[in-house]
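Could you build all of it, start to finish, from the sequences and the hints given here?
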Amino acid sequence: MYEDLNQRERDVLFYLIQQIQLKGYPPTVREICQQLNIKSTSTVHGSLEKLEIKGYIKKDPTKPRAIEILNNSEDVFLNKKKTVDIPIVGQVSAGAPILAFENIEDTYPLPIEFAQDRNLFILKIVGESMINAGILDGDFVIIEKRDFAKNGDKVLALIGEDSTVKTFYKEKDGFRLQPENDFMEPIYVKDLKILGVVVGLYRKM
Numbered sequence: 548m549y550e551d552l553n554q555r556e557r558d559v560l561f562y563l564i565q566q567i568q569l570k571g572y573p574p575t576v577r578e579i580c581q582q583l584n585i586k587s588t589s590t591v592h593g594s595l596e597k598l599e600i601k602g603y604i605k606k607d608p609t610k611p612r613a614i615e616i617l618n619n620s621e622d623v624f625l626n627k628k629k630t631v632d633i634p635i636v637g638q639v640s641a642g643a644p645i646l647a648f649e650n651i652e653d654t655y656p657l658p659i660e661f662a663q664d665r666n667l668f669i670l671k672i673v674g675e676s677m678i679n680a681g682i683l684d685g686d687f688v689i690i691e692k693r694d695f696a697k698n699g700d701k702v703l704a705l706i707g708e709d710s711t712v713k714t715f716y717k718e719k720d721g722f723r724l725q726p727e728n729d730f731m732e733p734i735y736v737k738d739l740k741i742l743g744v745v746v747g748l749y750r751k752m
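Quick note, my numbering runs 547 ahead of the 1-based positions in the sequence shown.
Keep in mind the hints are simulated off the structure, nothing from the lab. Here the structure is a predicted model, which means the values were calculated and not measured. One or more of the hints may lead you astray.
Unchecked claim - Calculated pairs, DSS-like style, for lysine-lysine (alpha carbon to alpha carbon, straight line, at most 27 angstroms):
| hint | residue 1 | residue 2 |
| --- | --- | --- |
| 1 | Lys597 | Lys717 |
| 2 | Lys597 | Lys586 |
| 3 | Lys601 | Lys717 |
| 4 | Lys671 | Lys597 |
| 5 | Lys601 | Lys586 |
| 6 | Lys751 | Lys719 |
| 7 | Lys692 | Lys717 |
| 8 | Lys740 | Lys671 |
Spelled out as structure tokens, the structure:
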């Protein structure tokens with residue numbers, strides 16, 4: 548199952564399933580863009596159309612948020628044999644940078660198809676500097692461990708001994724870590740280390 552989906556289609560499908568199970572209704576197209584770091588809403592619309600054509604979802608054209616999950620897709624979240632436990636490795640500030648704890652506090656099951664062969668871990672957000680991106684205080688962000696990112700990615704960055712989640716931009720004379728909060732200023736640094744890129748999010752209700 549899911550062999551006919553590319554990675555983006557899988558990410559969109561699993562995010563739909565996750566949010567419907569957590570909230571009882573699907574996310575908006577813009578929310579999907581924010582959580583999956585997709586810049587264009589037309590890209591999400593295209594993925595939704597392909598998911599419908601391939602029989603994974605059914606949309607109601609008269610109701611923008613009405614999406615029904617088909618083909619037993621939700622089983623991927625309910626069947627433990629199809630999940631892998633991802634470590635939750637403490638907290639990271641989304642306000643003033645603080646050092647993230649390296650100890651594993653807990654685990655959270657994610658679909659094998661979502662995890663693929665990616666090196667994932669989860670961090671809890673403390674603070675409100677990413678609220679415009681839909682990342683709220685107390686949310687859990689799913690991070691793919693890697694040391695590179697492109698402009699616009701939401702990253703976990705290490706500045707000295709402190710870590711923080713911000714939107715990443717490479718500038719002429721260094722780097723800009725941009726908070727997604729109108730009342731907070733960007734952080735400019737000459738040097739930093741990227742610990743990972745945010746690829747998903749879940750919220751405890």
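Now the hints, each set against the structure:
no.	hint	verdict
1	Lys597 / Lys717	violated, 34 angstroms
2	Lys597 / Lys586	holds, 18 angstroms
3	Lys601 / Lys717	violated, 38 angstroms
4	Lys671 / Lys597	violated, 33 angstroms
5	Lys601 / Lys586	holds, 24 angstroms
6	Lys751 / Lys719	violated, 39 angstroms
7	Lys692 / Lys717	holds, 19 angstroms
8	Lys740 / Lys671	holds, 19 angstroms
In this structure, the earlier hints numbered 1, 3, 4 and 6 are contradicted, and the remaining ones agree with it.
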